[in-house]
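Go by the hints and put chain B onto chain A.
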Amino acid sequence: KQEVTQIPAALSVPEGENLVLNCSFTDSAIYNLQWFRQDPGKGLTSLLLIQSSQREQTSGRLNASLDKSSGRSTLYIAASQPGDSATYLCAVRDSSASKIIFGSGTRLSIRP
Amino acid sequence: GAGVSQTPSNKVTEKGKYVELRCDPISGHTALYWYRQSLGQGPEFLIYFQGTGAADDSGLPNDRFFAVRPEGSVSTLKIQRTERGDSAVYLCASSETPGVEDTQYFGPGTRLTVL
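Order-wise, the sequence lines are chains A and B.
The working numbering runs 843 ahead of the 1-based position in the first sequence.
The working numbering runs 8 ahead of the 1-based position in the second sequence.
If we strip away everything but chain A, and leave its shape as in the complex, we get:
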């Protein structure tokens, strides 16, 4: 049974720092992995999607990497800003391309 873990559960850093959020999964037979952002009381916004054959994806100040064999993904945020404060969730789609399993998220707070 696929399990997705995100560490840390919460993180607070001063503005301007580069930071890394971690996601690990127990079954390496995945179809893809997606990172989302969720603001309080809101739905989820997709940030980056990495197919199982890819190693990384970049969008602006965000870079996500995938190491399928070790069951790990990282989300790198460069030059953090207070507007980056949100909960960041990773989700893996199983190899049959059906079920999607989410981690519990990392609650990020960027201090001005």
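One thing to keep in mind: the hints can contain errors.
[Claimed, not checked] Okay, derived cross-link-like pairs now, BS3-like style, lysine-lysine, Cα gap no bigger than 25 Å in a straight line:
| # | chain 1 | residue 1 | chain 2 | residue 2 |
| --- | --- | --- | --- | --- |
| 1 | B | LYS86 | B | LYS19 |
| 2 | A | LYS885 | B | LYS86 |
| 3 | A | LYS911 | A | LYS844 |
| 4 | A | LYS942 | B | LYS86 |
| 5 | B | LYS86 | B | LYS23 |
| 6 | A | LYS844 | A | LYS942 |
| 7 | B | LYS19 | A | LYS885 |
| 8 | A | LYS942 | A | LYS885 |
| 9 | A | LYS911 | A | LYS942 |
These aren't lab readings, by the way, just hints derived from the structure by calculation.
Positioned in the frame of chain A, the structure of chain B alone reads:
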């Protein structure tokens, strides 16, 4: 429409009642997903539709939960004999075509409270 919409935004019901939650996906998206999210947790997968059929319903917790998508667009999640433990935010998402363009777009959710 411009995005995924869900109605109602809030639903308060009494234990034992029946509720229906509606999801309108992005036009043209063939895949539709239902999740529920409890406070402080990530979304929990319930069911995935590809077109009109349920491709994977293994996340439905029991037979009180049922979902339909009769015309391959709008979907309704139905919960019978609601229990207090069903209280959560129910999220819907759609994607264009799994395997081709799989980015999921989420609606704002329906907050269900069972008293």
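What hints, given by number in increasing order, does this structure fail?
Of the numbered hints given earlier, the structure breaks none, since each of them holds.
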